[in-house]
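These protein sequences, in sequence, are chains A and B.
Mapping of the first sequence onto my numbering: position 425 corresponds to residue 425, and the numbering continues sequentially without gaps.
Mapping of the second sequence onto my numbering: position 286 corresponds to residue 286, and the numbering continues sequentially without gaps.
Be a bit skeptical, because a hint or two may be false.
Because identical chains share one entry, a pair is satisfied inside a single copy or across any pair of copies.
[To be verified] With a straight-line Cα cutoff of 25 Å, these simulated BS3-like cross-link-like pairs (lysine-lysine) come out:
no., residue 1, residue 2
1, Lys432, Lys36
2, Lys20, Lys432
3, Lys249, Lys101
4, Lys468, Lys36
5, Lys45, Lys432
Calculated directly from the structure, the hints in this document are not laboratory data.
Here is what each chain is made of, one letter per residue.
There are 2 protein chains.
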Amino acid sequence: MSMSPAMKIHEARGVSDMEKFFNPSSVVIFGASNAKFNLGAMICKALRDAVQYPGQVYAVNSAGDDVAGAKGCQALEDIREDIDLAVIITPASVIPGLIQKCGARGIRNVIIESSGFSEKGEEGRKLQNEIDRLARFYALRIIGPNCLGVLDIERRFCCMYGAEEIVSVLVRHPGPVSYILQSGGVAELVGERLMDDRLGVNKMVCIGNKSDVNEADLIDYFDTDHTEVICVYLENVKDGRKLMRAVKKTRKPVLVYKSGKSEAGRAAALSHTAGMAQNDAVFDGACRQAGIIRLQSIEELHALPKMFTRMPLLSGNRIAVFTTSGAFGSVGADLLAGTNLVMAEFSDETKSRLSRIPGVFNAANPVDIGPAPPEIYLEIYNILLTSGEVDGMLHLAGMWRDFVQDVMQALVGFCRRQRKPAALYAYNSMGKLLAARQEKELPVFYTAEEAVRALEVSYQQYLYLDKKEEPLWKP
Amino acid sequence: MSMSPAMKIHEARGVSDMEKFFNPSSVVIFGASNAKFNLGAMICKALRDAVQYPGQVYAVNSAGDDVAGAKGCQALEDIREDIDLAVIITPASVIPGLIQKCGARGIRNVIIESSGFSEKGEEGRKLQNEIDRLARFYALRIIGPNCLGVLDIERRFCCMYGAEEIVSVLVRHPGPVSYILQSGGVAELVGERLMDDRLGVNKMVCIGNKSDVNEADLIDYFDTDHTEVICVYLENVKDGRKLMRAVKKTRKPVLVYKSGKSEAGRAAALSHTAGMAQNDAVFDGACRQAGIIRLQSIEELHALPKMFTRMPLLSGNRIAVFTTSGAFGSVGADLLAGTNLVMAEFSDETKSRLSRIPGVFNAANPVDIGPAPPEIYLEIYNILLTSGEVDGMLHLAGMWRDFVQDVMQALVGFCRRQRKPAALYAYNSMGKLLAARQEKELPVFYTAEEAVRALEVSYQQYLYLDKKEEPLWKP
Chain A
1 MSMSPAMKIH EARGVSDMEK FFNPSSVVIF GASNAKFNLG AMICKALRDA VQYPGQVYAV
61 NSAGDDVAGA KGCQALEDIR EDIDLAVIIT PASVIPGLIQ KCGARGIRNV IIESSGFSEK
121 GEEGRKLQNE IDRLARFYAL RIIGPNCLGV LDIERRFCCM YGAEEIVSVL VRHPGPVSYI
181 LQSGGVAELV GERLMDDRLG VNKMVCIGNK SDVNEADLID YFDTDHTEVI CVYLENVKDG
241 RKLMRAVKKT RKPVLVYKSG KSEAGRAAAL SHTAGMAQND AVFDGACRQA GIIRLQSIEE
301 LHALPKMFTR MPLLSGNRIA VFTTSGAFGS VGADLLAGTN LVMAEFSDET KSRLSRIPGV
361 FNAANPVDIG PAPPEIYLEI YNILLTSGEV DGMLHLAGMW RDFVQDVMQA LVGFCRRQRK
421 PAALYAYNSM GKLLAARQEK ELPVFYTAEE AVRALEVSYQ QYLYLDKKEE PLWKP
Chain B
1 MSMSPAMKIH EARGVSDMEK FFNPSSVVIF GASNAKFNLG AMICKALRDA VQYPGQVYAV
61 NSAGDDVAGA KGCQALEDIR EDIDLAVIIT PASVIPGLIQ KCGARGIRNV IIESSGFSEK
121 GEEGRKLQNE IDRLARFYAL RIIGPNCLGV LDIERRFCCM YGAEEIVSVL VRHPGPVSYI
181 LQSGGVAELV GERLMDDRLG VNKMVCIGNK SDVNEADLID YFDTDHTEVI CVYLENVKDG
241 RKLMRAVKKT RKPVLVYKSG KSEAGRAAAL SHTAGMAQND AVFDGACRQA GIIRLQSIEE
301 LHALPKMFTR MPLLSGNRIA VFTTSGAFGS VGADLLAGTN LVMAEFSDET KSRLSRIPGV
361 FNAANPVDIG PAPPEIYLEI YNILLTSGEV DGMLHLAGMW RDFVQDVMQA LVGFCRRQRK
421 PAALYAYNSM GKLLAARQEK ELPVFYTAEE AVRALEVSYQ QYLYLDKKEE PLWKP
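Whole structure, please, built from the sequences with the hints as guidance.
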């Protein structure tokens, strides 16, 4: 195969290449059939039922059968209409042939969900090299192989299989958080958690072996769409400089959890998506330099983004702890001691204002108060957040179940007006509050640890943006 | 007041003193009235409605009114029947007088829930000294002051206020886990979590300022009852040697979370339950010596006990990671690398047995397999746990929702028969599994981190018991 004219276009790859992965007018699913447990059929079903995709879907299978609303055909040649995107979920061995057909036909976006490539030894590596070569020749962009594909809530497109239940819930809550995940399993976890913790998802992409499209391409793309927070799970980084360039370019927070911290973890990752995981200290240094917020647990992928989308950034490190239990005051102070945040020191005036409020046990920091009516809580928030002595609040309080939702909602509004965040947690009315998290989109955290981490990462993003801020005018 | 004859009896305090705090035939509530928001009335209501306490309840209030099923009277003198226990929830100032009356009447067990004692400065300290003196004079045992009191699920007694909803759920699931909590707020958190994570509670005691009865007394007592795991939240330790003696005496696991690790945390604790929190390193050393399992988060108070009650102890450090997602294999290996547990090394025979199973991607550790039917999973568990190369399993797998509960249940039974534990976690069917956690009492963990901690503490307890094991026969 000689150098193709497309090769030149290919050099100018960019953000525009990504659009049809998420917003195709038509899609063909290779390998979708009516056989039992057929994964392609699950995709057709998800398109029809879970997201009610408005575009045209074709299913290619040997019988040419229609599959769950998708128009059946025996080969690509049978489709006369334009095709924006090909999704391939067939045995690996036939995929090079399919890519060739897609390329010749002018399809420029292909998602390969099948496994059996570089994660599967020498044989698989050869196969992956072959599709790489073809992709370059035809100037195709490929997501995968060995991945779960794409979900776009805003444009109602989904080619993930086995996630119908989750997608049906997520699609009802479009929002500003986008995910780039180098693992279908992690996508399942995040999706499962998001059924309860409804952040509002914009897009989710599983990138698998990332033979072509990688996290950097997608960060660039998410910098141009309605995404407000970018969350990433990685097992390896193939092009560190490109990743750093992409992260440095965006002002949106980029949260990354990377597995393979330990040697055993790296060995395990190798057998999964087949990339060499880098030395962890090197990656850590790169994160600090590029402004990547490195997560400490997979759970933080769903837990922390709400702090960015629903609360102003933390623009200083002085934290007031508010509690209705001395125990949690003590726990809060302990947790803050492990961060670069500090317990705010209150002036005599603030202390005396607080101590005049009935029920206040402790007018220093942590502020500790007994059971009280809602207006008392709000008065304390007002004193703390307008004092000029506090940059943010750690809210570890228990409250009467009847009004905890309303108080939290009022506090969120107040925080936004004051441009100072509070990390919300309540130890005694979790059930009520988790319900409110869903219904009223309250940024409530599940543990005190999560709440403290939320303040920590918010401050990290603030410091990063502050440092990179350019002068308003350059002569 | 001179030395009383009771003083001598008092010297021989012991476990038998505790019995009537939990299992009284009759109880008087000082301060229970029909006033709005009256806390004593909440206790009367909890006794009648939430636990359906079978004993006799008296409510002492100035009007002598009956309160929520409790027989009303104006003073203790009006009650002619025997009284086993007095619960006091009146203003602090009148409490010394009440103690005197209780003492004279022969009541030997008093729970003081009111605040306003040593946590409230000089005045309060004096008041607490006064009740201490009276308690010694009358050989009374006191729980509190400044506490939420006691819950006994087995004997259906409860004098906690404001927890009716939680107690109504807990009472339906009696079990082997008992709690000693130096904070009502922590009791509320633990109770709230246990509504979902039904461990089966035996008893719960809030000890507040612990002027008399402390954690050591209760550990001694829980060593004699149906408790199997003892969970403790502490802000300070008043008598370290007594605590260590109590823990060393029991073979039951004692799990302790102590706040006040940092200086700021200790300062906060001081304003709460008024004990001086000790240097953290000293406490840590004492824990190691006595065999206390020190918890890393308040959440572990409810998360970890199930590993002791539903699974055999981990008797070696070789862990097999089982997963259906390479990502979680890598995460599991990373998490184990932070503990004294190791990734088990499989013999060639074990690897070859595993690799013969259809769908197995990786026959080394972590074992990674694609979607499979239940019998395949069970075959792998069998190979791993009978190999002689594995002491326990970290189960980080996603499964088809339809059978995940059944597979987990079968695995629990198999673990018990093999006397090797598995820490259970599933990333893709959390909802189903958390439901099963309730219905089928499956020891399922909420995060991968929790699952790894469960193995870690199980092994810690095994090592401790192993070390303290005495010879079967002493000449």
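Cross-check of the supplied hints:
Taking the shortest Cα distances, Lys432 and Lys36 sit within 25 Å of each other only across copies (24 Å), while inside one copy they are farther apart (42 Å). Taking the shortest Cα distances, Lys20 and Lys432 never come within 25 Å of each other, neither inside one copy (41 Å) nor across copies (35 Å). Taking CA atoms no more than 25 Å apart as the test, Lys249 paired with Lys101 passes in neither setting, with 36 Å inside one copy and 76 Å between copies. Taking the shortest alpha-carbon separations for Lys468 and Lys36, neither the intra-copy value of 54 Å nor the inter-copy value of 57 Å comes in at or below 25 Å.
With identical chains, the CA atoms of Lys45 and Lys432 are at most 25 Å apart between copies only, with a shortest distance of 22 Å across copies and 34 Å within one.
Comparing the model with each earlier hint shows violations of hints 2, 3, 4; every other hint is respected.
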